[in-house]
Every structure is written in structure tokens, then in C-alpha cells.
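Using the sequences provided together with the hints, build the complete structure.
With the working numbering applied, the sequence shown has no gaps in its numbers, which climb one by one up to 1170 at the end.
Don't read these hints as lab results, they were simulated from the structure. Be careful, since some hints might not be right.
Mimicking DSS-like on lysine-lysine, the simulated pairs with C-alpha atoms at most 27 Å apart in a straight line are [what the hints assert, rightly or not]: (1) K485 - K603; (2) K1090 - K1063; (3) K466 - K579; (4) K1120 - K549; (5) K590 - K603; (6) K474 - K579; (7) K474 - K524; (8) K466 - K1120; (9) K1006 - K963; (10) K466 - K524; (11) K1006 - K996; (12) K1090 - K466; (13) K485 - K524.
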Amino acid sequence: MQQFAFGLLAGILLLCYLHELPDVRWALLLPVFIFLVYRFRSMRVIPAVAVGFLWALLQAHGLLNPQFAFELEKKDLLIQGKVVSIPQVSEKKIRFDFAPEKVIAPANDIIAPSHLSDREINPSMDIVLPDKVRLSWYRSQAEIHTGEQWQLLVRMKRPHGFMNPGGFDYEGYLFQQGIGATGYVRKSENNQRLTTAKFGLDPLRESLAEKIRLALGGSTVTGLILALVLGIRSDIDPAQWDLFIATGTNHLIAISGLHIGLISGLGFWSGRWLWKRSSRLCLLLPAPKAAAIIASTLALGYAALAGFSIPTQRALIMLSVVMLAVLLGRPVKATTTLSLAFVLILLWDSFAVLSPGFWLSFAAVAIIVWTLGNRQHWRIWQQWGLIQGGLALSLFPLTIWFFQRASLVAPVANFLVVPVVGFLVVPLALFGSLCLFFSPELGAWILQIPAIILSGVVWLLQVLVNISWSTISLPQPTIGLLLLASLGIILLLSPRGIPARGIGAVLLLPLFINAADQPHAGSFRINFLDVGQGLSVVVQTASHALIYDVGAKFSDQFNAGEAVVVPFLQKQGIRKVDRLIISHVDNDHRGGLESVLKSLTVDKLFASDPDGLKNIKAEACHQGQSWTWEGVNFSLLHPPQGWSGDRNNGSCVLRIENASGSVLLTADIEKPAENTLINFYGDQLQASVLLIPHHGSKTSSQPEFIDAVNPDIAVLTAGYLNRFGFPKEEVMQRYAQRDIQIFSTINTGRVRFDFPAAGKFEISAYRAINSHFWNNPN
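What follows is the structure, given as C-alpha cells:
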């Protein structure tokens, strides 16, 4: 079984590394390789690789097809379908998943705003939509509920996310969720509810969520209760979520194997105890088997409350394997049980391998089995302490690999909090929530108890996170270092008597002394990050780092600083920023500032308008400021001191130069500022690389300015199908007519330029190198 599991995993991972999917007809060979696995058991790992590859190929084609056509992007469609998720409601929008069932008409056949008349769809076009799309409805007063049938005027696009080192693969996440397009609802009198929700699981969950909100009123932990009972995390306070992440306890708030295991464990032990009280029942069915049925039923019910999310599906499969062994009365080795569960999960959802939770959960179970192997005679509290210490140690390399930071207080936090949440909060929250259907008053009273306990948990975690050394950040290790550290942990946690246990500590050391790749003296590296509609640039020299703008704040829960800039810097091993420049205080340039300042040490902060940053202290940037780091020269060319122009034209303009070339960062300057620069600097503006001003707006990039800079390469930073229509075609033509090569973060993701101390600079486009078959080819 272990050989087959390893081969299956290898085949799936092999497919995941492909840029394009092979033809689905290759899957016709699947029965042949399944036969080979069965026939040649001693060498089954080789055909198992093919089975994994072809099985994942089938699933991938099923998830990706039908695809949303490029021709339909930015076009309006009137569609009918069903709401298939519990809507997430905020002050500005409602977000929900929608299953299209029928296209009523393209934009030219429906009532729509008059300015859309030039965006018609070819009537002869065969319109095929994905099985599931994700929609947002802004500033809407409509009440939308899961299970309802709606007719909506929508505008959609193919999945597209930021592409940066260390960043979250949003396109991969949507692929795994089976979402083939994202979009928003347009204002139209054609938008209408067709049918109300019928009885079903999701309507029941939505109803219960509303009852819990009413029962808890304005409690600060309402979002945590909803997450623990129903798996709904949209109500969690962002500060609380950060707190659980910082203490390594965020797994408690996501219903997964831990919760399913605790509930089923409670059901198993209590069910067996009660069953044994009746000799008649024991004659009908042995107590262990009855307990297994009770445990499985409770686990199934809890997973249903969580909406059968992907983590709960994995937990159910793993639990089912264990309970099946109990029902059959067959003793099964823990390694065999784990391998079988591993195989079943990969067959059920091959692309679970894209989720860090998949690896962390299986690693956790494996390490528990390993550490408790011959220590089952220990006292319960000793075993619990060993488990927490073992988990903290064993998951440390994986956590650094996925997130480049780990909590050093996690063992203490989990040792104290897991029993409280697992054995008190979750059972009480579930019981109180179910009581709401029969007696709202009783249910509300019971829910106050886990709410009070959770408030205490939050307080305790806050105490732990305030410890100065509570977290550690390290550069992402190589695969080799990760495997080396994993071997070291296995040795360290081995039972007594196994030789060379002490070598395990030595094998862990490279993880801590691993240094990220840095430029040499006299050279510099500049990264134009993909932050959507906005700007963020990171510059590195041999021992210094500079950030130029930090992207936009898209909502209270999401900003480019937290989602892109900080993860990128952590992946590079940068924990201190020597200078941070906010070119101007527009949201798309300064929106992520607070998140960056909270996560990193910033030595000096500059801004064109320090007063515009409100409560954040900064120095004013102005013409004439300059400095040199390891032979690399930095000069601020604009604005002049006392500049009284508008915000865009007052942007800080930065020039970076060494012996092999130069870069000109222009932010959002327009013609007035361009003219000022031309008049003052003339030919001195020339640069190897130019940041296209104002995201390609027609108010910038006048021919005279482009000629004055005379770049070899121009970089555009803008959002995919952004609402401003950037970049403007006429502006792009000006660069093309001068044979200037253009790199757009829309198409390339992060763009990196390496300027050596001497010689030609090198270019790297992240999307081209790191894209997978599920990524948008643009």
C-alpha cells in the first residue's frame, strides 16, 4: 500500500508541474496501468505513477471545462442559475457562488446602461459558461440566500490572481474549488429572484448562522463561534485571525481533522461506555462496533454542518478507514491505515496536494503515530505534552516552507488551548446551536458559555503573542534542506535505542543558517511586484532593501501589503527595510502601508505628502535627496521643494543606477511633471528601464518624455481588466513605435531585473517560469 501511495502522489505532483494539460484521451490508458499495479505488486510504484498522472488528468479536465471564453470578458450577460454558497455579506458587497443554468441573452438584447452599446456579443456565438462562478454584488439592497434561483445581469472574467514569489496562488485556489470565472452583478431591472430556496443542507446552515448571530448579539467572538460550528470564517475579526496565526493555533478555527477527530472520539468513548451499560444491546452488537457507528454518525453530521468543505472531506475519509477497521474487527497497522486514507483522499480529490492543510494534516497524524509508537504506557498528560512538542518540531520545516515564518509559542499555546476548544468550546457551541431550533432562549444561554471561554482563549493568546520572541521568520528552504530537516526530526523523535538520534539536531541546523540569494556588492536587484491595479517595487543591494509603494487596500480584510509585499519579503529573507518611499498617498500606492509597518522593521519612511499619511510619521521626499548603497546610487528627481501641484504630479520620482544600467521609477506623474523633469534634467533622464507613468494613462507618457528617457525596456503595472481601461492603446503604441520592449505585470506577474556590477542586466518574468496549467495564460 505504501508503494502505491507514493507512486500515486508522484504522478499527481508530476501533472501539477506542467504548464499545459495533455490531451484527455491519454486517460484511456488508465485501465492498463491499473492492471499493471495489480499484476506486478513488487514493482507497483512505477505503474502507480502513471495511474496518479492519468487520474489527475481526468480530474483536471473536469475542473477546467467548460472554460469561460476570452471573448466574453468585459461583456454583459443575462443569466439564470442557482446560488450555491452561503453569501458573504459586508458593508460594500455581497459575495456568493453561482451555478449558471441558462444564458438568457447577450448584452445587445437586454436592458442595460446605454454606454454598453459598443460591447456587443456576436449573436451567432455559442455561449457556454463554467459550472460554477463567483460573483460580487456591490452596494446592493437585495437579500440573497443559498439555494435560491436568480436571474442576473453579470460581467465576468477568467480567474486571474497576483503572481509573485511567496504569494497565494489565487488561480490555483479557484481551480481546486471548481470556480471557472469571477465577476460582478450589474445594475439592471432584469435582476430578479425566480424561486426561493427549498429545504436543503446549505439553506439550513445559513438559517442556523443567522440564529447564532442573533443569539450572540454583538459578541466579539461571534465569528469564531460561526467558524467552529459551521465553517463560516467570513465573520472573523481580521485581528483575531492574525492572532491565531501568530500563535500557531489557526487550525483550531478551521473545521478539519482535529475537530472531526475530537467529536468522533467523544462519540466513540461515550457511546461505548453507554452501550456497555446494557447487556442486551451488547448481545445484539458489540460495544466497539456500536461506538464506531455512533462516532461515524457524529463526524458525518459535523462535516455536514461545515458544508462538507474540502478539509472535512479529507478528515471523513481518514476517519472512515479507521472505523471500518473497527467494524470489520480486523487489527490494522497504523501505517497501513494512514496509507489507505492517503490513497483514498488523492483519488477523491487529487488536487488536495495544492493545499498546505493537506500536507500539514497528514504530517501531524504521521508524527503522532511515530512519537507514541512505544510510549503508550506514559500518563495522558505526558503523552499530550509529547504530542504537542513533537508536532511543533515536526511541522516547523513545513511551516517555514509554506509561510516562511513559524510560531515559537505554538507548543505552549496548543498544549493549553486545544483541550479547551476541543472538549469544551466545540461541544457546547454545537449543542447550543442545535438548541436554537427548539428553544432560542435556551440555545442563546448555552452559547454564552463557549463565547466566554473563547474570550479567555483570545486573551491568553494575546499574552503569548506579546512575547518578543514569539515568532521566527526564515527564508524559504530548498527541497533538499526540507528533506534533510525532515530526516533530522524523524531521528530526534525516534524511540530510545535507535542509533544516531543525536544527528537529527545537526540535520536541522542548515534550516536556520539558510540564507536567501542576495546581490553582490556594486549590483542591485529590482522587483516590480504584481499587485493588480497599483504599484509596489522592491529594490535590493548587497545589504540594504528599499520599498517603493505598497499597493492598494482592496477591503478591510485584504490589501496588497499583507497579501503580496510582506510574503515576498519574507520569502527573500528580508526582515528589515532601510527605506520605504510612498510616491503619493493614493490608495493604489499606499493602501498596504499599515500591514507592512506592522510586519517589518522600517528604518526610514518617505512620502511626497507626509501629512496625507495621517497618524504615520514620515519625511518629505524632494528633488536633490540622494544616497549610495554598496556602489549603487539612488537619487530623488522630483518633486522640487515647495511643489504645489496636484497629487499625481507630486509623486516621488526615483532613479537607481550602477555601472551596468539604471531604472527610473515614475509612479503616477502626468504631463506637467514630465515637462518639469525634461526641462530640468534633459538627457540626464536616460534610463535602461522605465516604469510607465500612471499605469499607461493617456495623461502621461508624452512622446517627448519617452524620447528623453529613451529606455530599452518599459514596465507596466496595472490590474487585469481594470475599471480604468489601463493601459491605453495609444500610449502603448508610442512605446511600440520606438521598439521599446514592454513587460506588463498583468501578463508576466512579478518582473525582476538583476543589474550586475558590470555587464548586461538580466530579466525574469515570474508567470512565465512558475505558471501551471490552471493559471490564466492571458
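For each hint, the structure was consulted:
| no. | hint | verdict |
| --- | --- | --- |
| 1 | K485 - K603 | holds (22 Å) |
| 2 | K1090 - K1063 | holds (10 Å) |
| 3 | K466 - K579 | holds (15 Å) |
| 4 | K1120 - K549 | holds (19 Å) |
| 5 | K590 - K603 | holds (18 Å) |
| 6 | K474 - K579 | holds (19 Å) |
| 7 | K474 - K524 | holds (10 Å) |
| 8 | K466 - K1120 | holds (16 Å) |
| 9 | K1006 - K963 | violated (30 Å) |
| 10 | K466 - K524 | holds (18 Å) |
| 11 | K1006 - K996 | holds (17 Å) |
| 12 | K1090 - K466 | holds (21 Å) |
| 13 | K485 - K524 | holds (19 Å) |
This entry does not satisfy hint 9, going by the numbered hints stated previously; all others are met.
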